[in-house]
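**Student:** In case you want the letters, here they are:
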Amino acid sequence: MPWDRNQMAARAAQELEDGMYVNLGIGIPTLVANYVGDKDITLQSENGMLGMGPFPFEGDEDPDLINAGKQTITELRRTAYFDSAMSFGMIRGGKIAAAILGAMEVAENGDLANWMIPGKLVKGMGGAMDLVAGVGKVIVVMDHANKHGESKVLKECTLPLTGKGVVDRIITNLGVLDVVEGGLKLVELADGVTEEEFRAATDATLVN
Amino acid sequence: MKKVYGSAAEALDGVLHDGMLIAAGGFGLCGIPELLIDAIVESGVKDLTIASNNCGVDGFGLGKLLDTKQIKKMMSSYVGENAEFMRQYLSGELELEFNPQGTLAERMRAGGSGIPGFYTKTGVGTVIAEGKDVKNWGGQDYILEEGIFADLSIVKAWKADTTGNCIFRKTARNFNPPAAMCGKLCVMEVEEIVEPGELDPDHIHLPGIYVHRIIKGEHEKRIEQRTVRKREEA
Chain A
6 MPWDRNQMAA RAAQELEDGM YVNLGIGIPT LVANYVGDKD ITLQSENGML GMGPFPFEGD
66 EDPDLINAGK QTITELRRTA YFDSAMSFGM IRGGKIAAAI LGAMEVAENG DLANWMIPGK
126 LVKGMGGAMD LVAGVGKVIV VMDHANKHGE SKVLKECTLP LTGKGVVDRI ITNLGVLDVV
186 EGGLKLVELA DGVTEEEFRA ATDATLVN
Chain B
937 MKKVYGSAAE ALDGVLHDGM LIAAGGFGLC GIPELLIDAI VESGVKDLTI ASNNCGVDGF
997 GLGKLLDTKQ IKKMMSSYVG ENAEFMRQYL SGELELEFNP QGTLAERMRA GGSGIPGFYT
1057 KTGVGTVIAE GKDVKNWGGQ DYILEEGIFA DLSIVKAWKA DTTGNCIFRK TARNFNPPAA
1117 MCGKLCVMEV EEIVEPGELD PDHIHLPGIY VHRIIKGEHE KRIEQRTVRK REEA
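Chains as they are written, first to last, in our numbering: chain A, 6 to 213; chain B, 937 to 1170.
Bear in mind the hints are in silico, worked out from the structure with no lab data behind them.
Here a beta-carbon is modelled for each residue, glycine too, at the ideal position from N, C-alpha and C.
Do not rely on the hints blindly, as some may be mistaken.
[To be verified] List time: in silico SDA-like cross-link candidates among lysine to any residue, alpha-carbon distance up to 25 angstroms:
{"id": "1", "chain 1": "B", "residue 1": "K1152", "chain 2": "A", "residue 2": "L55"}
{"id": "2", "chain 1": "B", "residue 1": "K1166", "chain 2": "A", "residue 2": "M121"}
{"id": "3", "chain 1": "B", "residue 1": "K1095", "chain 2": "A", "residue 2": "L55"}
{"id": "4", "chain 1": "B", "residue 1": "K1166", "chain 2": "A", "residue 2": "G32"}
[To be verified] Residues of chain A clear of chain B, computed beta-carbon distances all greater than 10 angstroms:
{"id": "5", "residue": "R10"}
{"id": "6", "residue": "A18"}
{"id": "7", "residue": "D45"}
{"id": "8", "residue": "G53"}
{"id": "9", "residue": "M130"}
{"id": "10", "residue": "G131"}
{"id": "11", "residue": "K190"}
{"id": "12", "residue": "T199"}
Pulled out of the complex, with its shape left as it was, chain B reads as follows (with noise of 0.2 angstroms):
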């Protein structure tokens, strides 16, 4: 079965809808699927729903859907990095839910694994549990948040083998296993793509049973905030 395709295009074509729910991977603009926002902003789909954790920022990253208005509603953890974004919030053009970053990522990681709704007791006793189910153990509130069920999910890895298998490198991983597992379709671009075999099957951090479609290419990789030392501090 084939897995790697020539273009981010040629990977989702067919794929999208109008309407259809998203799970992207990355933190800030860390470990971004660049190339296939690229993708989905030419392809002009709109009335998107996108779980990612942030935004990205103006004019990169998911905030290149937010210029075009292909994006109507956002399920997030944090969306301070974008004026554009504050725009279409204020004036009523998006729409906004909040997720406390660790349910954002259980959310999707209870979706890609069947699991349709768990308790936590984060959020408990704040706008977040707002009619939400509640039930305690043991002394102990806690609220019912339910698992994410993607229909598409677009993820960043560093490399991966032709079957799917991958690996991601330092903090880039962050939300993109869980947003692979909760997608029905998980189209995943990497920096490179080698033979099976290449990398150590106990060195896979996310096995190639979770993704569909694997893209190459170059990544721009933009830094958020340079925060540096001085080499004298030494």
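Excised from the complex, chain A in its bound form (with noise of 0.2 angstroms):
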């Protein structure tokens, strides 16, 4: 059984190791909060907060405390609040030692693609750009592949780029890929997905 969302935030938790500063993107990686156990992590809200608590009890939204998806939530007794300028020095200056967040496509190069489809509405890039550049470790989690079930991890990306070169590590239902030199190297499979399911499923170069 390839992992469902869940077990996906959860492989990627894996990744993160006490006293880190993490950026955690839209989606399933917001789902890796769940899971990092008695680790120390502190988690970036890149519209200005680091120690990002749980949403509020209801009746206690603050409007003038939300998180990059302009969802309500709650301060921890370690938060810091600082502006966007800050906020991304941080980003930029390499002082967040990871972000994890969710992809249209990626390539063996470690390109991504995951801010606009051309011809359909674009929304923004947002933080995407800066994360991506700027962060220690960029970890994508996605599903192996879209909707008509195509690989979305490629030799080269066919969306506009959010970053070139920029993904250290992916994590899919199928399992997790390291970007090396020449191509992806496989590290994990997920629970029963043999090797070969997974070449099969994977449109890229994969190297040992």
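With the hints as a guide, bring both chains together as one complex.
**Tutor:** Following this line, the structure appears as structure tokens:
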């Protein structure tokens, strides 16, 4: 059985180490926060906050306290607030250890596309281009295939890029890949997925 | 020198002109200068270029200036919350310059700091880099981005003293300090105005040198995505 959303998030949480400052994207990456366990992880929200807490209880919502997805959230005892220039200063300055984010396509050279589909409505890149250019480690969490069953792990991206050669590790419902010299290296298979199945589902160069 | 004005319209009197560049604070609907936006709508000034991370939502925030077609061009990182924006953009009525969010913030901070350009690796190898100067340091390419020098800054803080020293509240700070810095004239709206000395000088987020006019008023503070936990989950 391939991993489900929560299993992918749990696997991504294993990438995090005690003491890390981390930025989580929208979607499956948000779920990673549920699986950090006892590790001391500080979550950054790029609209200007370190130490992001859970959603508020009903009635405790504060319009002055939102995350980068514009959702109401809460603060923690360790929380610090700052402006957008400082927020992206710490992102571009390499102070954020890792970003975990979703993708439309990832290529074997680490190229990432996750912000626009030409001809469709374009909403904007938000902070994604800054994050992938600046943070220590870029971890993509996504389904291995798109809605049409085609591999999202590719030799080359077809969509406009968010960043060039920026991805370090890819976690999909089928397993874990690292971007290495010459292509992608299979690190781990999801439970019950064979290497043969994985290779058949992957439209990119796999190296040993 | 008097910085406190009686209303948003009074604070903007004689300031607005067609075709001007305005830098606006706020992220989504959080920390936006609601009162100043309303006053700009009322003024009827048009052909505005607005540097702001987002463009409000339909009928609220900067979305109001879309409804009245007062905006010619937006400089933003994300505009996905607004159907009228998309309609005007796709029909060619509205120009859009996408800026990565950190690039937009830094362009404002740079403009306010007398820095006309800076190099960043954000956007290298993407459409954002097209036509921009590229320099290489230590094997890494960086692209040239320009500082934003706005005619006017419209921002929102929580509390200010009468000299413009101010503090923001939680994530409502966001783009407000860099937006405030990059305008020739900065008009700030706040929830509370206090006398000098009432704010701890060590706790000022933005010193009054960046703030030229201040107004106080009631804010709707609309929530864009209300997300909550049930109490029994605790």
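**Student:** Grab the minimum beta-carbon distance between G131 (chain A) and chain B and tell me whether it stays above 10 angstroms.
**Tutor:** violated (4 angstroms)
**Student:** Is the Cα-Cα distance between K1166 (chain B) and G32 (chain A) 25 angstroms or less?
**Tutor:** OK: K1166 (chain B) and G32 (chain A) at ~20 angstroms, within 25 angstroms.
**Student:** Checking a non-interface call: every C-beta of chain B should be farther than 10 angstroms from the C-beta of D45 (chain A). Is that right?
**Tutor:** holds (22 angstroms)
**Student:** Has the given pair, K1095 (chain B) with L55 (chain A), been kept, meaning a C-alpha gap of at most 25 angstroms?
**Tutor:** Holds, at roughly 22 angstroms.
**Student:** Within 25 angstroms, alpha carbon to alpha carbon, are K1166 (chain B) and M121 (chain A)?
**Tutor:** violated (35 angstroms)
**Student:** Please settle this one: T199 (chain A) was flagged as non-interface, so is its CB more than 10 angstroms from every CB on chain B?
**Tutor:** holds (35 angstroms)
**Student:** Beyond 10 angstroms from every chain B Cβ: check whether that's true for M130 (chain A).
**Tutor:** For M130 (chain A), whose nearest Cβ neighbour in chain B is about 6 angstroms away, the distance does not exceed 10 angstroms, so it is violated.
**Student:** Please verify that the nearest CB of chain B lies beyond 10 angstroms from A18 (chain A)'s CB.
**Tutor:** holds (20 angstroms)
**Student:** The output says G53 (chain A) does not contact chain B. Does that hold with a beta carbon cutoff of 10 angstroms?
**Tutor:** G53 (chain A) is in fact no farther than 10 angstroms from some Cβ atom of chain B, at 5 angstroms.
**Student:** Taking 25 angstroms as the top limit, are the C-alpha atoms of K1152 (chain B) and L55 (chain A) close enough?
**Tutor:** violated (29 angstroms)
**Student:** Can we confirm that no CB of chain B comes within 10 angstroms of the CB of R10 (chain A)?
**Tutor:** R10 (chain A) is indeed farther than 10 angstroms from all Cβ atoms of chain B, at 18 angstroms.
**Student:** Since K190 (chain A) was said not to touch the interface, does its Cβ keep a gap of more than 10 angstroms from each Cβ of chain B?
**Tutor:** Holds, because the least Cβ-Cβ distance between K190 (chain A) and chain B comes to about 23 angstroms, which exceeds 10 angstroms.
In summary, the numbered hints that this structure violates are 1, 2, 8, 9 and 10.
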